Structure formats: structure tokens, C-alpha cells
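Asks: Position chain B against the provided structure of chain A, taking the given hints into account.
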Amino acid sequence: MTALTLTLKKIPQQRIDCSPLTPDALAGKSAADIAAIPLQSGKNTLRVDALFDVSGDDVAEIVFMNGCDKLDYIGAAMHSGRIIIHGDAGCYLGFRKKGGEIVQHGNAGNFAASGMTGGLLHIHGNAGDFLAAAIPGDRKGMAGGLVIVTGNAGDRTGDQMRRGIVLIEGNAGDYCASRMIAGTIGVMGATGDYPGYGMKRGTLLLFKPPRLIATIQDCGMHTLPFLKLMYKSFRDLPSKFAHLDQTRVRRYAGDLANDGKGEILLFS
Amino acid sequence: MIINGVAIDDTFAEAFGMRGTRVLITAQNLKWAHTAATAMTGFATSVIACGVEAGIERELSPEETPDGRPGVSVLMFAMGSAVLMKQLETRMGQCVLTCPTAAAFSGIEGGDRINLGKNLRFFGDGFQTSKQFGGKRYWRVPVMDGEFLTEEKTGMVRAVGGGNFLILAESQPQALAAGEAAIEAMRKVPNVIMPFPGGIVRSGSKVGSKYKTLNASTNDAFCPTLKGLTKTELSPEIESVMEIVIDGLSDADVRKATHAGISAVCDLGAANGVRRISAGNYGGKLGPFHFHLREIMA
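In order, the protein sequence lines correspond to chains A and B.
268 is the number that the numbering used here gives the last residue of the first sequence; the numbers go up by one with no jumps.
1298 is the number that the numbering used here gives the last residue of the second sequence; the numbers go up by one with no jumps.
Chain A with its partners taken away, still in its complex shape:
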């Protein structure tokens, strides 16, 4: 058996809702069934085979070729299996994903990993704004699982994030970890203005000095034993974060305007 491969024929005029194309949703379906699945595109619906060349038969692993930023909701609500994307993806990549793996070789749009509760999202590229954040109307963003971004992430990364780990090997935009409820975000590059704005709980790992708001307070240099546990959990990850071993950090706590139990740990 070979992976089910969906090769985009041409960049569509309208955005495409790809949420029906997950390993769970396609389980037990024949090639003809898959080809006939209707996908929402604006106010119209298009058959899968009108948009993609379909080959392969193993729906536990789905490969998107020629990805583009019009393909929204890839891997939404998936529970298991694996999706590989060659090229860009639109908004809501891994939206409310409960398990399984998404590996993308390209850039992701806004709201990637929003509402995700389990599994892995590995973006070999950049992520847009609101990575792991809550969509408008939701009270919580990402609530579990692991996100690795090898490139940069946009503004408001982890906005209202509830649980889970987001590791960004590049830079993050403004208001990183804004209104964060809990969880862990690591940014190896620079962050934009005001990380931790409105942060309630959670941990933000930074490697470059941030520009902080006044309600996040310096608690001094410390050697924190829990970091060893965290590094141990990172050890087998396909990420630069797997090589961390420094437990001495400067600890900032806040946002005091919102409970103040969050922390920013700055590696010198």
C-alpha cells in the first residue's frame, strides 16, 4: 500500500475547506468514494478529483503535493494517522486536532494548531499569526499536543493557549503568549513587542531579551530543577530544542494585571 497522495492541479480561485480529508474521515472509503467527496469552496462545492489528482490507497497517511495558501483546515479534528504537506497550507492547519501527526514542508497560514488537543504539528517553514491561539468566539486556544516551527511565527502566538507545547526555532511576532492560560512556548529567535501581555499562567522560554510591559516583573536569576524534566521530554524531538541543557535562567513573572502566575524564562 502507498500513501494516499492528493496533488493539487492548480491554485484554486476560492479558499478550499480540506477538513474532510483526514485519515479518520477517509478510513474505509474506496478511491471512487474519495474522488467524489465534496469540498466547500466559497459558496460552491467541488469534488476532490476536480481539485486534486488522486493516487495511492493508504488513507492512514495522506500526502498533499503542490500545497498552497488557499487550502484551509488541513488535518482538522483528526484523531490519528499522518498528513504530510509539500508546499504551503492555508489557515486553521490542524484545527482542533486530537491526535496523529501533521508534517508540513512549507508555510502555514493563520490560526495553525488552534484548538488542537493532541498529537504533533511540525511546520518546516513559517507559521502565520495566531499560532496555537483561540479563534474569535473560543475561550481557549491550543489545549494539548506539540507544535514545532522551524521558521518564524507571526503575532499573537499562543493567544489564550490552554495547554501543550509550542517550540519556535525562529522569531515570533508581537504579543507572543498574550492572554496565555497555561502551557509552554519556546522561542529561540527574537520576539516582537510585549511578549506575555495579559499572560495568566504558563511558561514562555526566550533566548533573546524581550521588550516587556511594566506588569511583568523581574524575579532574578535562578537554577530551576523542573527544566531538567522539560529538557528530558524534548530529548527525542526533531528540533533544536532537543539540545537544551541550561537550567540557569532569569525569571520574569506576570502579567500582574491578569493573575500574574505566568513566567518568562530568559536564557542568557
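Hints in this document: simulated from the structure, not taken from any laboratory.
These figures come from a predicted structure and were not determined experimentally.
Among the hints, a few may not be true.
Derived DEER-like restraints, expressed as beta-carbon distance ranges [unchecked claim]:
id, chain 1, residue 1, chain 2, residue 2, range
1, B, 1115, A, 218, 29 to 39 Å
2, B, 1285, A, 223, 50 to 60 Å
3, A, 65, B, 1058, 49 to 59 Å
Residues of chain B clear of chain A, computed beta-carbon distances all greater than 12 Å [to be verified]:
id, residue
4, 1049
5, 1090
6, 1094
7, 1126
8, 1130
9, 1184
10, 1285
Beta carbons: idealized from backbone N, C-alpha and C, even for Gly.
Replies: Coordinates of chain B only, in the frame set by chain A:
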């Protein structure tokens, strides 16, 4: 059965079902890990008055511990789950939370999950924070030396307590030397502890007493100074008896420890004053686990 001049009685040790748990205690160095573990396992020789029976199982290298620091593993046994949970929480709070640099982690992955540091977090007075790694929740409690780190839960399993054997020797020093040799060998067996002081108990007990308020009293049949007064179990040449009590996570573990201990005693042999090995039981009516000495040593 006679091994190296030591007679093995045709009898059995009678043991009981208990609940057991394991806690891994780490610290900046082994000295402080031992300090915390020693405090935690203090006054834990017998469930009769201590609530739990506890002891240090072994030392742990940094590679074996969750936080990469040196540590020790502690085993704790009680007659029921409620008392075990209560004692664990109390001892964690007074002996590990208070000990400089100490941290505590689950030592049993399966079994029923019971609180390890879950309620100790409230010592943090609202400043405590939790982190989840690998599906496990840990608590960080700010304390004056930095942070007290503890896993939220540990595992509780059905275990076996009260395995035992008696060393009958020609003199007190010879009985003690044989006991020490047995303990040294038994401490190499995993999943067991010998909860009494130094692993050896000199005051073995029988059930009941002439005094109505006491549930247990001295085992007069094995007291050498009472040979002429009671229905003694001792022959004229026996002058001292030491008992070793064993708690283990399974009956197989107790069996292995019993074999290791008696073998070490028999290696000393009659030449060193050891004459008999016996065991304590209640006629087989009270405890479901029977460890027949000759069967174990066969």
C-alpha cells in the same frame, strides 16, 4: 534439611496482603537524598504502631532518576490504601518538602494512582505552578531554597508484607553477625525492604498478651532466657534469636529475598555459631501467603 551445619526447620513464614508504593527521592547529592529518605522512612518499622512499614530500597544513579540527580528509592507498605495514602502525604510533607534540595517522583508507573505531591502544592499559597511533561503532571512549589519539585501522583499496588525468618545462634554476637550478613545480601534484591532497625528485629512478637490492652507481646517460645519457664522452641545451645521481616511488592520478591538471606546465613554456617533457621506463622489461618523454608531453599 541441613545446610552447612544449619538446620532448616520444616515450617513456613506466614505473610499478609498489603498495599505498597514506591517514591523516588532525588537531591543535589546522595547525602541529601538519603537524609530525606531516612526521615521519610523513620518510625516505620511495623504497621502495629507506625501506620506504615517503610524503608530505603536502593540508591539511584543520576541516569535512573527523572531529573538527572542522584537519588534513592523508598518503598512504603500499609495494611490498607487509605492509611497508605494518608501516611504518604504526611511523610512527604514533613520529611521531603522540608529537606533541602529534595524532589519526589513516582516510582511505580502502573497500579492505582494515588496522591504524591498533589495536595502539598497548597503549601505554595497560590504561587505554586504545575507543568505537564510526557503525560505526567508535576508541581513546582516555591520554597526558601528555590523550588520544591514533585510529581502529582505515584502508583499503588497490591503487595506482600510480613515475610520472615528467624536466625537461632549460640550467642548474641553470632546471631547479630548472621543477621547482618543476611541483610547485606537481601538489600541487593529489588522490590523488597526489611523495615526494622538495620533490617533486623530482636523483639519478635506473638499475637495477644496476658494484658487485655495489648494485641501483641514478646514471643516467649523463642526467648532464650525463658527456656525453663515456657513451652520453648529453643534447644539448650541456643542463646540468641534474631528475626528478619520482609515486605515486598510481590510474593515472588519476598521469596527471592528469603532465599538470599537464608543463603547468606548458611554460608556462615555452624562454624560461626548459627544452628537453626525457623520462621514465624499463625498456623496458616491468618495470612494468605505461606513461604515454606525448605521449599525455598531446595
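Asks: Are there hints from earlier that the structure breaks, and if so, what are their numbers?
Replies: 7 and 8
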